[in-house]
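Novice: Okay, here's what each chain looks like letter by letter:
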Amino acid sequence: MSNHAVYILSSYLVVLVVLGGLTVASLGARARARRELAARGLERKR
Amino acid sequence: MADLHFLANPARFRRFSQRVLPGLTLATVLCLAVGLYLALVQSPPDYQQGETVRIMFVHVPSAWLAMAGYGMLAALGASLLVWRHPLAALMARAAAPVGACFALVCLLTGSLWGRPMWGTWWVWDARLTSMLLLFFLYLGHIALSRAYDESERGDRAAAILSLIGVINLPIIKFSVDWWNTLHQPASVAKLGGPAIHPTILIPLLWMAVSFLLLFVLLVLVRTETEIDRRRLEIAEQGA
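Chains as they are written, first to last, in the working numbering: chain A, 1 to 46; chain B, 47 to 285.
Honestly, the hints are just simulated from the structure, not real lab data. Heads up, a few of these hints could be off.
To be verified - Calculated from the model, a selection of chain B residues having no Cβ within reach of chain A, i.e. all distances over 10 Å:
#: 1; residue: Ala73
#: 2; residue: Ala114
#: 3; residue: His131
#: 4; residue: Asp171
#: 5; residue: Leu179
#: 6; residue: Glu198
#: 7; residue: Ile206
#: 8; residue: Leu228
#: 9; residue: Val255
Claimed, not checked - One side of the interface only, derived from the structure: several residues of chain B facing chain A at Cβ under 10 Å:
#: 10; residue: Asp223
#: 11; residue: Leu260
#: 12; residue: Val262
#: 13; residue: Asp274
#: 14; residue: Arg277
All residues carry an ideal CB built from backbone N, CA and C; glycine is no exception.
Generate coordinates for the entire structure from the input sequences, incorporating the hints supplied.
Specialist: Below is the structure:
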């Protein structure tokens, strides 16, 4: 990928870290909220 | 529009979201996998930018989604302030961090493209500065919506900010025409059709669709979470 490979790979790493991190955080928050609802008897645990 | 109106009810929206999420997740993963193959393997180097054109396949879609996301925030803000839709505030809370992340990706990948192409990480030109302002508007929205003990007050303040900040969207879009900027003018969405060869344009549009699917997926998941959190808040107040 030429001598600019470091910039290209860093860009895709940024995408992975920022958007991947947001996805993991969003799924984790949803799971926590569901667990809390289930613990209070407001929803069946999935 | 009348068909979409039933989604304004949080409980119905949640049921709808739970039905579409599995298929949407699969479509997003498949689209991203094909998009990355097209962007990193299939597409040829550009005759001017060389291999660094591959950064454009993530930079440009991020910019589009960051702008579209803010337009959505403004529409939700108007919906909250004018019609008091119960879902608008929850969806705005869910969408703001997603839009902020796409704006951040746009700024960072743009900087990583600028260093080898322009010889600098950053210049204070109109396009880059207005994009940075968009990122700060997102941060302001997130901070305002969480700044009050009463979540309704925070949601209304954030909605007003989203409506004021929407003026920045045409500034971002037309900054390259209105001012003499280092950033290149529009090459996809322009009169007379795109000025990009199909071998570059197809991966770019494919990645844009993939990012759009990811954006919708994240907003749906986060809106579900906001609905659940609001239910917990109501349960705590009732206890």
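Novice: Each hint: holds or not?
Specialist: Hint check results:
no.: 1; hint: Ala73; in the structure: 15 Å, holds
no.: 2; hint: Ala114; in the structure: 15 Å, holds
no.: 3; hint: His131; in the structure: 21 Å, holds
no.: 4; hint: Asp171; in the structure: 20 Å, holds
no.: 5; hint: Leu179; in the structure: 19 Å, holds
no.: 6; hint: Glu198; in the structure: 20 Å, holds
no.: 7; hint: Ile206; in the structure: 26 Å, holds
no.: 8; hint: Leu228; in the structure: 17 Å, holds
no.: 9; hint: Val255; in the structure: 15 Å, holds
no.: 10; hint: Asp223; in the structure: 26 Å, violated
no.: 11; hint: Leu260; in the structure: 7 Å, holds
no.: 12; hint: Val262; in the structure: 13 Å, violated
no.: 13; hint: Asp274; in the structure: 4 Å, holds
no.: 14; hint: Arg277; in the structure: 6 Å, holds
Violated hints, in rising order: 10, 12; the structure is consistent with all others.
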